[in-house]
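Work out the full structure: start from the sequences and follow the hints.
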Amino acid sequence: MSAALALLGPAVLWAIHFLAVYIFVSLACLWRWQDATLLGLPLIEAVVALLTLAFIGAIAACGWIWGWSDGFRGRVGIGMTALFAVATAMVGLPTLLTAACVGLPVQIGGG
Amino acid sequence: MTAARPPSGQRGEEEELARAWSSPPGWRSLSAVNHRPMGRRFVGTAMLFFLIAGLLALLIRAQLAVPENDLIGPDAYNQIFTMHGTMMMFLFAVPVLQGAATWLIPLMQGTRDLPFPRLGAFSYWCFLFGATILVSSLLLGMAPDGGWFIYPPFSSRHYSPGPNIDFWLIGITFAEIAGVAFAVEIITAILRTRAPGMSLARMPLFSWFVLATAGMILLGFPPLILGSILFELERAFNWPFFDATRGGDPVLWQHLFWLFGHPEVYIIQLPALGLLAMYLSVHCRVPTFGYAWVVAAALGTAFLSMGLWVHHMYAVGIPQLSLAFFAAASTLVAIPSGIQVFSAIATIGSGRPVFRTPLLFACGGFLFIFTLGGLTGVMVALVPFNLIAHDTQFVVAHLHYVLVGAAVFPLLGALHHWWPAAVGRQPSERAGKWSFWLLFIGFNLTFFPLHHTGLAGMPRRVYTYPAGLGWEWTNLLASIGAAMFALGALLFLGSLLATLRRGAARPPDDPWQAGTLEWWRTPPPVYNFRAIPQVTERYPLWQQPGLAAAIGRGEGYLADPQGGQRLIAITSEVEARPEMASALPGPTWIPIITAACFAVLFLGVLTQVYPLAVLGGIAAWIAVVIWMWPDPDAAHPPTVRATAELRLPLDRGHHQAPGWTALWLTLAADAALYASLVFAFFFLWGYAAQWPPAVAAPPSLLLPALAWAPLLAALAAVWWGEAAIRRGDRGRLARACWIAVGAGAVFLAMQASVAAGLGPPERHARDALSHFTVLYQGFHVAVGMTMAGMVALRARRGDFAPQRHLAVRIATRFWSYAVLLWIVGFPLVHLAPWLFAR
Ligand code: HEM
Ligand SMILES: [Cu+2]
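Protein sequence lines, in the order shown, are assigned to chains A and B.
Residue numbers for the first sequence follow the working numbering, so the first one is 14 and each next one is one higher.
Residue numbers for the second sequence follow the working numbering, so the first one is 639 and each next one is one higher.
Be a bit skeptical, because a hint or two may be false.
Claimed, not checked - Partial selection, computed: residues in chain B whose CB lies under 10 Å from chain A: (1) Ala935; (2) Ala940; (3) Ile973; (4) Gly1132; (5) Ala1136; (6) Tyr1325.
Stated by the list, open to error - Here are the in silico distance ranges between beta carbons for each label pair: (7) A/Gly70 x B/Gly800: 48 to 58 Å; (8) B/Leu696 x A/Phe37: 48 to 58 Å; (9) B/Asp713 x A/Leu40: 39 to 49 Å; (10) A/Phe37 x B/Gly800: 39 to 49 Å; (11) A/Phe37 x B/Ile1461: 21 to 31 Å; (12) B/Ser660 x A/Val99: 51 to 61 Å; (13) A/Leu40 x B/Ser1338: 41 to 51 Å; (14) A/Gly70 x B/Val1016: 21 to 31 Å.
Stated by the list, open to error - Derived coverage of chain A by chain B (criterion: at least 3 residues anywhere in the stretch with Cβ under 8 Å from a Cβ of chain B; other residues may be distant): (15) 69-79; (16) 94-105.
Keep in mind the hints are simulated off the structure, nothing from the lab.
Keep in mind the model is a prediction, meaning the values are calculated, not measured.
Here a beta-carbon is modelled for each residue, glycine too, at the ideal position from N, C-alpha and C.
Written out as structure tokens, the structure reads:
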């Protein structure tokens, strides 16, 4: 079990983050939340940034826990941690860089 | 390194082993199930389809050689390029690697067979029958013509009324089922049947790559299987999943297709790169550079590739943010791919390379061609560039650089490399090198100019083009190159086949001085290993001196077949500690018969003779029940002697037997299919133009709610039965299972009347999805009932014991899973008017 966690933990976390961000932004756009705010920050961006930071933290923790084990497991663990930390950042960044909800092909509700 | 002659007492054991493992001759060899014949058949059949698809490619290139050519008309051209792409992807690239893994994995891992030989054989026959259905359409002149991803609405019944698309949907679904069966089998093999001591860290790289690939098949094929079933339901019964006028959406098909289609690219590529990593290190005479990083890269690619599918749909008109997501993720795969390329370069750099044919294929094919394909891949991953290059010949150039560089060249190198082990003949270096250069130059001549043609504006999938647009010379070059490539392919395969003639050179043992176990003797005997070796290193033949000779003397595990059994060792997942032994089934007709029953079912659907389909379905059900019925095993003792000191329990009925692993893998694939179905509900809710259906009053919830009672009763009953057998009470187990069967039947009857009240499935996509969900639930309950019924019958016959009742455990887990499905499905179907309001 711990071997599976060491090898696949960062990747699984990335996948969860990917789905969470993708689904959240899709729904938020469907529900027209693009102008909503959270403590004065734009809601969609704030949630995505938070999620991204949290997941990068969790991935780093994975690397911290298993990267120390020696030999094969440690090295694969570090490799997976580095790769998927970057990948998670890459998934989070676009929301922060472009406006969400632009270019929806179907205007929901409005007809 | 010829092994020392065994002392005469052991010669008897060796003969007994050979007898136990040999397959019957002549036409009865169709009943063979062992991984060696099955692997050979897979590879051979796939290569045949490669040749046919290659012939189609030559037709394409002949037609495009000059402008305004009238060799092939537009309709035939559509069929030809569609079949070329479809056959290359589904009937060549995936199956050939399935075959390579089937043949090589047990040998590399130091064991004698895959854990479920009959499943492997079933997989092959499904593939063959599905492929035959698909290819027969070419002969009938009714081949699919909608491109290899057959987008609706173009391929809907309305615009494509003939059976062309049905051939695709049915043939491919059949072949995909073969793929999933293979994935279940090979993951279990890699995790549970490695030679004792071959811990994860000592596993050959090929095993890692195949493990990653099989995981992708498990999660990546189900979306397409679902999509194809839905599409066939739409075409055959007018259920409007993809019909925009009735709540469907053609883009849903694109999502389902590419959820599969992008991983597919890596499903093709990873195992080929695994093969390459193995023989690269042999011909460079050093271990692979950065083993751990390469493993991480393989696993990383597998995961990342599941999150890229939308990059095939940039031009569809999806929200900008989604585009950004998928562009970011797409460029990311360059990292693990880069790690593999650098590892290959470093292996060559740090080794003492011998430039024999396989190494040429590795360098030229992979390092050069694949890297170029990867670079254009990063280009088309960027949205603005993609919108320009989309659907042009640039994409044709890109995809061939990737597929041919990452799959075809590594694979041909692998054929040359493992040919001595597979057939016991030494391939010709001279012919190998000549054909490499023909293939390499021919390939680049074909596809390099097409980058330019594409940027100059020539679309893909056009049967001809006018002169004067600057597309002439590149097209002509491409056609010349294709002829050269074909020549190279013929020379390559012809020279391999020529070694089969009488009196051709035979290889010495381990002709390349390789380090992994499949080379302990060349070719390895039918039983693979005289004894299953104890592995302590990553390259056993390099690092464990005398190992080959020791295997030849029968030193290791399970040297004695103990009454002519086909024994393999079952080991733990991580450390590969021997846990039990498995006595595998020998030749049997059941896999081919079962696959044939499925073929009848599919043919019935294809020809719209539905009674035939029903008949095939019932026959398939009976065949599966017979298959699953255990052999009378009273003759066998519950344990076998593994070594002089160690006895291992036989796995039959054991709670941790490989079947237990396979259960969870199968459920994972099933869950992936279900998740795709849930996605379909949510996607249409979010994006379909006509939504929701105009229904007056929401249907009554009373009967659907009541149907929970029999479902939960069945679940409680099977668990009660398991508790009973843990105390050794077979009578109560049987009673419990009959209760489950009865409760299941009540549930099915109630569901049938619920479905009748759901509204006609032709009315709206949501209704169609609801009906499908109800059917899917019914299918699972029917399977659960079958399992429970079989358990009950076996319990009556005195099967099962407190410590040995795997079939009971599987049935309870399956019922739990079926109830879980309905916890998700019930709201989708019955709360839809509230859940999916807009
Ligand atoms: C090496 C010899 C090959 C040649 C000369 C060749 C040629 C072609 C050409 C000219 C097209 C474009 C047809 C058009 O758009 O009008 C095409 C499409 C395609 N090829 Fe190949 N091909 C070869 C090998 C392969 C291999 C090995 C694979 C896969 C493993 C493959 C997969 C495809 C696919 C998926 C398409 C797209 C079909 C579609 O548009 O629906 N090809 N090929
Ligand atoms: Cu892709």
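Evaluation of the provided hints:
no., hint, result
1, Ala935, "holds (7 Å)"
2, Ala940, "holds (8 Å)"
3, Ile973, "holds (6 Å)"
4, Gly1132, "violated (42 Å)"
5, Ala1136, "violated (43 Å)"
6, Tyr1325, "holds (6 Å)"
7, A/Gly70 x B/Gly800: 48 to 58 Å, "holds (56 Å)"
8, B/Leu696 x A/Phe37: 48 to 58 Å, "holds (50 Å)"
9, B/Asp713 x A/Leu40: 39 to 49 Å, "holds (44 Å)"
10, A/Phe37 x B/Gly800: 39 to 49 Å, "holds (44 Å)"
11, A/Phe37 x B/Ile1461: 21 to 31 Å, "holds (23 Å)"
12, B/Ser660 x A/Val99: 51 to 61 Å, "holds (52 Å)"
13, A/Leu40 x B/Ser1338: 41 to 51 Å, "violated (30 Å)"
14, A/Gly70 x B/Val1016: 21 to 31 Å, "holds (29 Å)"
15, 69-79, "violated (count 0)"
16, 94-105, "holds (count 6)"
Taken one by one, the earlier hints fail for this structure at numbers 4, 5, 13 and 15, listed in ascending order.
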